[in-house]
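Residue numbers (my numbering), protein chains in the order written: chain A, 1 to 461; chain U, 1 to 461.
I should point out that these hints are in silico values taken from the structure, not numbers from a laboratory.
Please note that the accuracy of each hint is not assured.
Claimed, not checked - In silico DSBU-like cross-links for lysine-lysine, where the CA-CA straight-line distance does not exceed 30 Å:
1. U:K114 with U:K76
2. A:K76 with U:K53
3. U:K200 with U:K211
4. A:K76 with U:K76
5. A:K200 with A:K168
6. U:K211 with U:K168
7. A:K200 with A:K211
8. A:K76 with U:K114
9. U:K168 with U:K203
10. A:K53 with U:K114
11. U:K168 with U:K114
12. A:K203 with A:K114
13. A:K200 with A:K53
14. U:K53 with U:K200
15. A:K114 with U:K203
16. U:K53 with A:K114
17. U:K76 with A:K53
18. A:K168 with A:K76
19. A:K114 with A:K200
20. A:K211 with A:K168
21. U:K203 with U:K114
22. A:K168 with A:K114
23. A:K114 with U:K114
24. A:K53 with A:K203
Stated by the list, open to error - Calculated Cβ distances over 10 Å to all of chain A for the following chain U residues:
25. P15
26. G244
27. V256
28. E269
29. D439
Here the structure is a predicted model, which means the values were calculated and not measured.
All C-beta atoms in this analysis are idealised placements derived from N, C-alpha and C, irrespective of residue type, glycine included.
Protein chains: 2
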Amino acid sequence: MAKGASLSGFPEWLPSQRVVEQTMIDTLRHVFELNGFIGIETRAVEPGSSLLKKGETSKEIYLLSRLQEVGHEDGKPVEDRLGLHFDLTVPLSRYVVEHSGQLTFPFKRWQIQKVWRGERPQDGRFREFVQADIDVIGNGELPDHYEVELPLVMLSALEALRPYGCPKATVHANNRKLSEGFYRGLGLSDIEGVLREIDKLDKIGAEEVGKLLVSECGASQAQASACLELAELTATDGAGLRQGFRDLCEAHGIEVGGQAYELAQEGLETLAMIVDEAARIRPGAVVADLKIARGLDYYTGSVYETFLDGAETLGSICSGGRYDNLASQGSRTYPGVGLSIGLSRLLSYMLGRVGAHASRVSPAAVLVAVWNEAGRTASNHVADLLRQRGIAADVAPSAAKIGKQIKYADHLGIPYVWFPAQEGDAAGHDEVKNIETGDQEAADAVSWLPDTLIAQQGVEF
Amino acid sequence: MAKGASLSGFPEWLPSQRVVEQTMIDTLRHVFELNGFIGIETRAVEPGSSLLKKGETSKEIYLLSRLQEVGHEDGKPVEDRLGLHFDLTVPLSRYVVEHSGQLTFPFKRWQIQKVWRGERPQDGRFREFVQADIDVIGNGELPDHYEVELPLVMLSALEALRPYGCPKATVHANNRKLSEGFYRGLGLSDIEGVLREIDKLDKIGAEEVGKLLVSECGASQAQASACLELAELTATDGAGLRQGFRDLCEAHGIEVGGQAYELAQEGLETLAMIVDEAARIRPGAVVADLKIARGLDYYTGSVYETFLDGAETLGSICSGGRYDNLASQGSRTYPGVGLSIGLSRLLSYMLGRVGAHASRVSPAAVLVAVWNEAGRTASNHVADLLRQRGIAADVAPSAAKIGKQIKYADHLGIPYVWFPAQEGDAAGHDEVKNIETGDQEAADAVSWLPDTLIAQQGVEF
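Could you put together the complete structure from these sequences and hints?
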């Protein structure tokens, strides 16, 4: 959690921390655009009716009232009020339907924005945070090759964060059809319920989940055991996945060729394709992991979670899946697949555990000193000459003693202090000092260049 | 207003429009950082008590309720509820006080974020919009050279938008002390009231304002005339400004050397310094214009508005001023000066009147064709080789007829279509086609370069 977050759940970063966040956002955007994703932003608010439609987080939304309406709020149904969006997928679905005539499909978009969840303050969870999403939305249909391409783009994006201290990421994939087919094959019918309990495995363990499957989902002991065994199945290639699944079906008497089996088979083949194709491009980075369930109820096929090496307790930092029924207009549907990085949580980890920080607080590479207030115009002129060549420059706030001006640069991490030639000194010339090494040399603002290693503000850890 | 803004006042942009907004944001940020401003973001919400403290917009805030609280909202005083920020200055003041121990002063920061105002829907005004702000905050004191430097940085920033169609900008400056001293010298006491009426000059004209000064602020006809004459005074240099002001004081019998006169004189000298210093660096870009009043009540010295050539009806697109009393902690005050670009309004003008648009919808420079689904892996490989060299690339969504794949590229504005060598064609090689010129040439994904003029997505008008 942010130091000094004076409102619980609303993180706010110090300048050095914000540089890390901004660098992460810039890096993700760069990778998304390299892959042909189109950037959009949606408004922060949606009608209550659209926020309440889908997903278990719908209970945690913030509703808005205009100050003038305060005291008259109760009469208005929640569906007719405005609320802050709690993710970027529901707004995307609405955007796509609304602008379908002006978009080219499949529509590949990236979106990095804040979202809000009205969590109870004592939960210690973020109530305002940034998500970084990519999705592909089809018009009527969507080829399944996107179900492997999207996690691979996210892996490239996370890989691009490694120079800033982000650990190696692995995507764990599953498929809802596979799970549902298996559960139905066992004779279970409360599929949502089983998925909800399986989703708790990492938190409460297999024994507790087994009990809940019996008490909440009407499973027998044998059915509960089978569900838990399925959840234990992992594979790094399609052949291993198929073999493991076949063994489980045999062990639990699931009829080959039945309707439930066919559904499972459909999911199995998509998942096998994903791990095999991903292994060709980024070996080991995508694994089939059949305990992945995802709480949100709008996923209909592939589901993904992403874990960082050595940061398993952080949970999934990038999740998503395929949703075939989130957006529709009349008989037309817009199936989609997407993943979302929980950027604020990842940032919080990188600031706290990894120790990521700005190489310097100020973007300026140079602080131009001021000998006296009458000479400020000359100092401003030097700074402008540097800026015209792309060198970020600041000017000392006051004509204080030079030691104090150097201290100001030092506090901000500005590596160079520039001394303009003093007026009346005919033979004088400008000089520039590297305040870390102490080296000082004659310099001309129209040609001098900073050391390329310290010219730009960056992120270290 | 955005096409297809389905919620009045909440603009939402199509992909091509969003490219213009994103380019404007990137450009402003670049100029702000070149000038040594530090980027921060503040949370979107503030306690009602802090939102209600200052400024006339305080009546237009959005308050939040958690869904679970709906129906129990009335019991809670507005001051204890959370609301969305309506500008970036009030949050900055709070941030600076909260983190004062961890910041270096003077603290120069840029901030580009959405803000919200709970306007009545029928007003046709934005209720959600982006502001781009720079401010400098001092600890206890703040040198007045920042009062000329900040408008100059904003002028550089707006100048950097001209390649995207933004007209030439002129900053109109005034000083609250000058106005207040003059009004008090005339014998008026309701200074806030007079400023509020003078602020309406552009909207309702001098005659109506004159009547309001009499009816609302207790001015005599002569006092009202004097206020209107002051508002007519403009100057492009300090000498002209001083002369004009001296003439007005004489004409209206304001006692030289009196307390009110001294206050006016203090403001006059700051304003004269601003126009003279600005003229040295950017002649004609900053003018003294004594009708500038600014509605918000937290300004205590310089005030600024910015107008675009040929777009005077748009009103001020970048406003601000000096505020000495917005932030304080015990006896410690944090005086500041800053300006804020109404980015959404400016964008709306550039999209509508100037016709700014993306050079293409997709960031991709190349679409790699797919001969058949079995060959998708090969096409993905070509795209990856291009991306590794920084060339944004997309892959055709399906192995449709080549004509259809080219059409997909064309819809997205992607300039090149890449044809991988077909499998089994031993002598074969990749080819790339510029779909605008029709030129097609042999190409290798590890060395080919796009025409530099069309390699990057840009903004045209």
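Hint by hint, here is what the structure shows:
1. Distance check on the hinted pair: K114 of chain U and K76 of chain U sit about 27 Å apart at the alpha-carbon level, within 30 Å; holds.
2. The straight-line distance between the Cα atoms of K76 of chain A and K53 of chain U is roughly 28 Å, inside the 30 Å bound, and the hint therefore holds.
3. For the suggested pair K200 of chain U and K211 of chain U, the alpha carbons sit about 12 Å apart, so the restraint of at most 30 Å is met.
4. The straight-line distance between the Cα atoms of K76 of chain A and K76 of chain U is roughly 18 Å, inside the 30 Å bound, and the hint therefore holds.
5. With a CA separation close to 24 Å, the supplied pair K200 of chain A and K168 of chain A stays within the 30 Å bound.
6. Distance check on the hinted pair: K211 of chain U and K168 of chain U sit about 35 Å apart at the alpha-carbon level, beyond 30 Å; violated.
7. Proposed proximity of K200 of chain A and K211 of chain A is supported: the alpha carbons are some 12 Å apart, at most 30 Å.
8. Taken as a hint, the K76 of chain A and K114 of chain U pair is honoured in the structure, with Cα atoms around 26 Å apart against an allowance of 30 Å.
9. Distance check on the hinted pair: K168 of chain U and K203 of chain U sit about 23 Å apart at the alpha-carbon level, within 30 Å; holds.
10. Among the hinted pairs, K53 of chain A with K114 of chain U is consistent with the structure: their alpha-carbon atoms are about 26 Å apart, no more than 30 Å.
11. Restraint check for K168 of chain U and K114 of chain U: satisfied, since their Cα atoms lie roughly 25 Å apart, inside the 30 Å limit.
12. Of the pairs offered as hints, the one joining K203 of chain A and K114 of chain A holds, with about 27 Å between alpha carbons and a cut-off of 30 Å not exceeded.
13. Proximity of K200 of chain A to K53 of chain A is assessed by CA-CA distance (about 23 Å); at most 30 Å being required, the pair is judged to hold.
14. Proposed proximity of K53 of chain U and K200 of chain U is supported: the alpha carbons are some 23 Å apart, at most 30 Å.
15. At most 30 Å may separate the alpha-carbon atoms for a hinted pair to count; K114 of chain A and K203 of chain U exceed this at roughly 36 Å.
16. Taken as a hint, the K53 of chain U and K114 of chain A pair is honoured in the structure, with Cα atoms around 26 Å apart against an allowance of 30 Å.
17. Taken as a hint, the K76 of chain U and K53 of chain A pair is honoured in the structure, with Cα atoms around 28 Å apart against an allowance of 30 Å.
18. Proposed proximity of K168 of chain A and K76 of chain A is contradicted: the alpha carbons are some 49 Å apart, above 30 Å.
19. Distance hint between K114 of chain A and K200 of chain A is fulfilled; the C-alpha atoms sit about 26 Å from each other, no more than 30 Å.
20. Note on K211 of chain A and K168 of chain A: the hinted pairing is violated, with a Cα-Cα distance of about 35 Å set against a maximum of 30 Å.
21. Our distance criterion of 30 Å between C-alpha atoms is met by K203 of chain U and K114 of chain U, whose separation comes to about 27 Å.
22. Between K168 of chain A and K114 of chain A, the direct Cα distance comes to roughly 25 Å. Compliance with the 30 Å bound is thereby established for this hinted pair.
23. Restraint check: the Cα-Cα separation between K114 of chain A and K114 of chain U comes to about 10 Å, which is no more than 30 Å; the hinted pair holds.
24. Straight-line distance between C-alpha atoms of K53 of chain A and K203 of chain A comes to about 27 Å, which keeps the hinted pair within the 30 Å bound.
25. The Cβ of P15 of chain U does not lie farther than 10 Å from every Cβ of chain A; its closest approach is about 5 Å, which violates its non-interface assignment.
26. Non-interface call for G244 of chain U relative to chain A: holds, since the shortest CB-CB distance, roughly 25 Å, exceeds 10 Å.
27. Every CB of chain A lies more than 10 Å from the CB of V256 of chain U, the least distance being 28 Å, so the non-interface label holds.
28. In this structure E269 of chain U is separated from chain A by more than 10 Å, as the shortest Cβ-Cβ distance comes to about 14 Å.
29. The beta carbon of D439 of chain U is kept farther than 10 Å from every beta carbon of chain A, the shortest such distance being approximately 22 Å.
Going through the hint list in order, the structure does not satisfy hints 6, 15, 18, 20 and 25.
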